[in-house]
Every structure is written in C-alpha cells, then in structure tokens.
Amino acid sequence: NAGVMQNPRHLVRRRGQEARLRCSPMKGHSHVYWYRQLPEEGLKFMVYLQKENIIDESGMPKERFSAEFPKEGPSILRIQQVVRGDSAAYFCASSPKSRFSYNEQFFGPGTRLTVL
Amino acid sequence: AQTVTQSQPEMSVQEAETVTLSCTYDTSESDYYLFWYKQPPSRQMILVIRQEAYKQQNATENRFSVNFQKAAKSFSLKISDSQLGDAAMYFCAYFTSGTYKYIFGTGTRLKVLA
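First to last, the protein sequences are chains V and P. Going letter by letter, the first sequence gives residues 1 to 116 in the numbering used here. Going letter by letter, the second sequence gives residues 1 to 114 in the numbering used here.
Simulated from the structure, these hints should not be mistaken for lab results. One or more hints might be untrue.
[To be verified] Label pairs and their calculated CB-CB ranges:
| id | chain 1 | residue 1 | chain 2 | residue 2 | range |
| --- | --- | --- | --- | --- | --- |
| 1 | V | Glu41 | P | Lys55 | 28 to 38 Å |
| 2 | V | Lys27 | P | Ile46 | 18 to 28 Å |
| 3 | P | Gly98 | V | Glu72 | 24 to 34 Å |
[Claimed, not checked] Derived list of chain V stretches under chain P, where covered just means 3 residues or more per stretch with a C-beta under 8 Å from a C-beta of chain P:
| id | region |
| --- | --- |
| 4 | 22 to 35 |
| 5 | 46 to 54 |
| 6 | 70 to 78 |
Heads up, the beta-carbon is just placed ideally off N, CA and C, and yes, glycines get one too.
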C-alpha cells in the first residue's frame, strides 16, 4: 500500500519562475493538507483541501500561492514568480476521514524547493 | 492560540544512554492529541509516538516513552538505549480534536555519540 507520494523531491527554480509541486494522497484518502518547513523551523500549515474544494487556506501567503485538488489526479501547490524566501521544504499529508473527528495525517517525503 | 515550545535546539547523548527531550504547549482545549515526530536527514516525517490527552497513562513504543503532565502542559520524550539511528530532528506537535491543523514546535536536533 503506497504512502503519500510527492514529486519532484527536489526542485530548483530561478527567481520569477513558477513552481508546481504535486501530491498523490494515500489510496482511499480524500483529504489533503500542505505544510511548509522553512530552514531550522517546524512545519507550518498552509492549506487543507478535499476533492474540488479548498476548505481552509488560512496559512497560505496572500499572493503568488495557490492550491488545488481536482476530481482526478494529484493535488497541486503552485507558486508563481518565486522569490528566494520561498526556498523551503513543502510537505503534503493526507487523511481518510471527516475533518470533524481526529484522524491521523500521513506525511509524504516532501519537496525541497530551492530558488536561485 | 495554541503554541508548542521546544526549548532545546540541540541535545547530545552517548550511545546506549538515555535522553529526554522537552516540549511544552499552550491550549485552552480539553480534547487534543500530542505527538513526537522524527525527521532524519531524508526529511521524511516519521511518527514516533502519540498521546491522547484524555488518557492518563503515558504512551510507550519500545525504547520511546513520554511523560505527559496535562496540568503543567508538558510532554517530554524519553529515548532509552539510544542508538546511532536515533540521530535526527525531533518535533513535538499538537492537534485539537475537531480541527485539522498540526501545530509543530521548532524542533530539537539529537546527536548520538558513538
């Protein structure tokens, strides 16, 4: 049973380019969460999505960042016009159940974004 | 707002010895969960141990155990018989039942000395 998959594992972009990070949740999971880990810090919540719905994007920067989880295919975190401060590890997690009860989130291996 | 504090940026332990990592948290909720995650150089987040706040008994997983002091809002991790493979960043995390956001501390880097 495959775990949460993220690709690419490493992504290098120059300032001003776009970054697209992909996350395939575990089989049977319909809830996806994105977290960002800046250097020497813990993970911080960015956005919570269900299929075709953004439930909570309160942790997303107001500009340049967007996320989607289409009916078919992986969840995408998109960063437009990247800047050096976007360099971080981006983690995706997935869970199987309703947000109204506790359910463990399973983390992917992360994507390390480096902006030159 | 809930916060998680790890006051030890770095800890060292001799192989086969015991080490305790500290974590405190702040919350007004009564129903929540606490976790310790291990992050090796591969950056994969690995769940080490979980504690439900309503359980008085401290969680244990083989060489890993916690000291959960609910009134003091303290949640420390004890690693017994430390092994070289235990070297990693360790993150304390908090999760409120009925929400979906993990709140992480800033981490403690554990070094294991041969």
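Here is what the structure says about each hint:
Between Glu41 (chain V) and Lys55 (chain P) the beta carbon distance is about 30 Å. The supplied range of 28 to 38 Å therefore holds. The hint said 18 to 28 Å for the Cβ distance between Lys27 (chain V) and Ile46 (chain P), and at roughly 20 Å that hint holds. Range check, Gly98 (chain P) to Glu72 (chain V): Cβ separation about 30 Å, and the 24 to 34 Å hint holds. A stretch counts as covered by a chain when three or more of its residues have a beta carbon under 8 Å from one of that chain; for the region 22 to 35 of chain V and chain P the count is 3, and the coverage holds.
With 1 residues having a Cβ less than 8 Å from any Cβ of chain P, the region 46 to 54 of chain V misses the three-residue criterion, and the hint is violated. As drawn, the region 70 to 78 of chain V meets chain P at 0 residues by the rule of a beta-carbon pair under 8 Å; below three, the given contact is violated.
Figure legend: structure checked against the earlier numbered hints; hints not met, in rising order: 5 and 6.
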